[in-house]
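Asks: Residue strings, one per chain:
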Amino acid sequence: MDTSEKQNRLLVDLHVKYIQSLDTKKDDLEYWLTEHLRLSGVYWGLTALDLLNSIDALKKEDVVKYVVSCQHDNGGFGGHIGHDPHLTYTLYAVQILVIEDALDAVNVDKIVEYVASCQDRDTGAFTGDEWGEIDTRFSYCALSCLSLLKRLDAINVPKAVEFIMLCKNFDGGFGVSPGAESHAGQIFCCVGALAIVNSLHLVDADLLGWWLCERQLKNGGLNGRPEKLEDVCYSWWVLSALSILGRLHWINKEKLIEFVLVAQDSEGGGIADRPGDMADVFHTLFGIAGLSLLGYPDLKPVDPVYCLPKHVVQRIGLAERYHV
Amino acid sequence: MALEAEVWSDIKPIPLDDGPDPLAPIAYDAEYSEAMGYFRAISQRDERSERALKLTERIVEYNPAHYTIWHYRQQILFSLNKNLNEELDFVKEQIESNPKNYQLWHHRQVLVEKLMDASCELPFINEILNDDAKNYHAWTYRQWIIRTFNLWENELDFVNKLLDKDVRNNSAWNQRYFTLFFNPTKPTEEFLTQEIEYVIEKIKMAPNNISPWNYIKGIIAKSNKDIGILEELCKEIEKQDIISPHAIGCLVDIYESRARKGSATDKEEGIRICTLLAEKHDAIRKKYWEYRKVILTSL
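Sequences listed follow chains A and B, in order.
Here the first sequence is numbered in the UniProt record's numbering, starting from 1 and rising by one per residue.
Here the second sequence is numbered in the UniProt record's numbering, starting from 1 and rising by one per residue.
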């Protein structure tokens, strides 16, 4: 079978092996320089494996033990053992524990306390940690995290929504802060956050839907902003937002599937940002999750709001709560 | 980056507790590993000293995304009352080699907030944008600087220059909107009329450039003007035999707005060009144009 033939289909076994092998590359300095991303890596890998029907490729006991070891006394989680607590990693930790159905391994009240402490009382925005960086990504992290823990009551939700809406732009999209350029990654965060708190009526779905489907380029790939390069990860950021808005069909599915498949590493496994580049676990998850949204065969369905396998979201009783 | 032995003789490095296998195992570059060992030892006792500062410098040069090190470095800088202008020079070099790193830009913001002096910032950001005029971090930081230090005055000139250089720079178009509408001094009616003329000229230069189309529709909506003012532009592009899905799409908007007021001919024309876009000029977004057609038909 030659390379092009191989790339006509999703190389499931190869991707499972690739994700499993990530922890065996310890001789590379690169592995250590990405230490602060270790917990994220576990979330990306584990979610991809579950979508590929192979969650057992990572041992549940090890995963849970590792996640627990990243938690701090204040309830927040760091990106790795000994790294400072941060909202982003706290969400990754909660997502992993929800997938593994292991929330009882941690002190949930402490997590809730930590997340709530990141909200700015005046603006409703969230800072990533005690150092004060503000970003709509952190609004998503907080809302998603508390929703998964069923503790949205711990924060001021209307204020959180107010801040997100200040970040809505003239083109219907959302940026990192009020006035900042629309960006597909931030749009996923803002639309996802609004979906979680049943506020999708605040989105201009037709205008934003147009902006999102306009991200598809002739080669089928999607970019994150006008006049930028296509990238497999936008198969997730753009598609999930379109899916939440009920407009997934506005892009050309066949062309996008083809683009993602060609970005696979047909020898070592994994998916790259675009064809010909090095594969990594981040793009592997978002490529697979994108394919799942597109209804690619033999993948478990993914939830576009939580970026978790749908069966997990259903198990905790949160599926399909959102309406456009 | 070997560390000087005598400076560190009283510290016993703490090896990495890597948690249970197989998720996070051991063995890495010896020098980085040595520095991290000392970091764990001195951060545990919260040592704020010159050697600690030097150590954080070594580590972030290796790994500028290590946010825990940056936090520690900030505490040391403030505790030792260091000259923050020197730190600005250091972070400038770091940003120049890692322009898309969140931690570095945030570190710079923390320093400038402390100094309350932004005199070096716009020239510095200009340098970064000169290399990559779409750097999202640089733009976000620029907006923070302009708002915090009220530096609105020359911003429109700056945006003009960027658009002269590259009319397809979406970040510059976004900054244009920011400059007009986030400025405490709001644009006058007369200014907005000139602004629309300016954008029309830019669209004529590259009718397939989505950014000014989005922008002009944005200011038309914001200022409650009639989208019909773009009809002449769309028709002119059509006459030049340039196929611009954006120009045709804009006509759909115009016809739809008139169909909503009861015009049957505009409705028919709108439906006709939606079909054209769906079948021919923008077939990749066929479903979107079919949706627009359904809306028109229902009017």
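The set of hints was computed from the structure by calculation and includes no laboratory data.
The reader is advised that the hints may include incorrect statements.
Stated by the list, open to error - Far from chain A, some chain B residues (derived; all Cβ distances over 12 Å):
#1 Ser79
#2 Gln103
#3 Gln143
#4 Trp144
#5 Leu156
#6 Phe158
#7 Asp164
#8 Glu190
#9 Ile210
#10 Lys261
#11 Asp266
#12 Glu290
Said to hold, decoys possible - Here are the computed lysine to aspartate or glutamate pairs in the DMTMM-like style, where the Cα-Cα straight-line distance is at most 20 Å:
#13 B:Lys222 with A:Asp206
#14 B:Lys204 with A:Glu254
#15 A:Lys255 with B:Glu279
#16 A:Lys253 with B:Asp282
#17 A:Lys228 with B:Asp282
#18 B:Lys202 with A:Glu227
#19 B:Lys12 with B:Glu34
#20 A:Lys228 with B:Asp166
#21 B:Lys267 with A:Asp206
#22 B:Lys286 with A:Glu254
#23 A:Lys228 with B:Asp131
#24 B:Lys100 with A:Asp206
#25 A:Lys255 with B:Glu201
#26 B:Lys293 with A:Glu227
#27 B:Lys165 with A:Glu227
On a predicted model such as this, the values are computed, not experimentally measured, just so you know.
Backbone N, C-alpha and C fix where the C-beta goes; we use that ideal spot for every residue, glycine too.
Asks: Now tell me, hint by hint, if it's right for this structure.
Replies: Hints, one by one, checked against the model:
For B:Ser79, the non-interface assignment is confirmed: its Cβ lies about 15 Å from the closest Cβ of chain A, beyond the 12 Å cut-off. With 12 Å as the threshold on Cβ separation, the claim that B:Gln103 sits away from chain A is violated: the shortest Cβ distance comes to roughly 9 Å. At the 12 Å boundary, the C-beta of B:Gln143 falls inside the reach of chain A, the nearest C-beta of that chain being 5 Å off. Separation of B:Trp144 from chain A is inadequate, the least Cβ-Cβ distance of about 8 Å not exceeding the 12 Å criterion.
Non-interface call for B:Leu156 relative to chain A: holds, since the shortest CB-CB distance, roughly 15 Å, exceeds 12 Å. Distance check on B:Phe158: its Cβ is at least 15 Å (rounded) from any Cβ of chain A, clearing the 12 Å threshold; non-interface status holds. The beta carbon of B:Asp164 sits about 16 Å from the closest Cβ of chain A, which is more than 12 Å, so the claim that it is off the interface holds. Its beta-carbon lying about 21 Å from the closest one in chain A, B:Glu190 satisfies the requirement of being farther than 12 Å from that chain.
Consistency note on B:Ile210: stated as away from chain A, yet its beta-carbon is not over 12 Å from all of that chain's, at 5 Å minimum. With a closest Cβ-Cβ approach of about 19 Å to chain A, B:Lys261 is found to remain outside the 12 Å limit, as its non-interface label requires. Against the 12 Å criterion, B:Asp266 stays outside the reach of chain A, whose nearest CB is about 19 Å from its own CB. With a closest Cβ-Cβ approach of about 9 Å to chain A, B:Glu290 is found to fall inside the 12 Å limit, against its non-interface label.
Only pairs whose Cα atoms come within 20 Å are accepted, and B:Lys222 paired with A:Asp206 is accepted, the gap being roughly 17 Å. With a C-alpha separation of about 33 Å, the suggested pairing of B:Lys204 with A:Glu254 is violated against the 20 Å cut-off. For the hint pairing A:Lys255 with B:Glu279, the CA-to-CA distance comes to about 16 Å; that is within 20 Å, so the pair holds. Restraint check: the Cα-Cα separation between A:Lys253 and B:Asp282 comes to about 15 Å, which is no more than 20 Å; the hinted pair holds.
For the hint pairing A:Lys228 with B:Asp282, the CA-to-CA distance comes to about 19 Å; that is within 20 Å, so the pair holds. Of the supplied pair hints, the one linking B:Lys202 and A:Glu227 holds, its CA atoms being roughly 16 Å apart against a limit of 20 Å. This hinted pair checks out: B:Lys12 and B:Glu34 have alpha carbons roughly 11 Å apart, not beyond 20 Å. Our distance criterion of 20 Å between C-alpha atoms is met by A:Lys228 and B:Asp166, whose separation comes to about 13 Å.
As the CA atoms of B:Lys267 and A:Asp206 are separated by approximately 19 Å, the hinted pair is consistent with the 20 Å bound. Between the alpha carbons of B:Lys286 and A:Glu254 the distance comes to roughly 13 Å, so the proposed pair stays at or under 20 Å and holds. The straight-line distance between the Cα atoms of A:Lys228 and B:Asp131 is roughly 15 Å, inside the 20 Å bound, and the hint therefore holds. Taken as a hint, the B:Lys100 and A:Asp206 pair is broken in the structure, with Cα atoms around 32 Å apart against an allowance of 20 Å.
Annotation: proposed proximity of A:Lys255 to B:Glu201 is violated, straight-line Cα distance about 34 Å (limit 20 Å). The straight-line distance between the Cα atoms of B:Lys293 and A:Glu227 is roughly 27 Å, outside the 20 Å bound, and the hint therefore fails. At roughly 15 Å between alpha-carbon atoms, B:Lys165 and A:Glu227 fall within 20 Å of each other, so this suggested pair holds.
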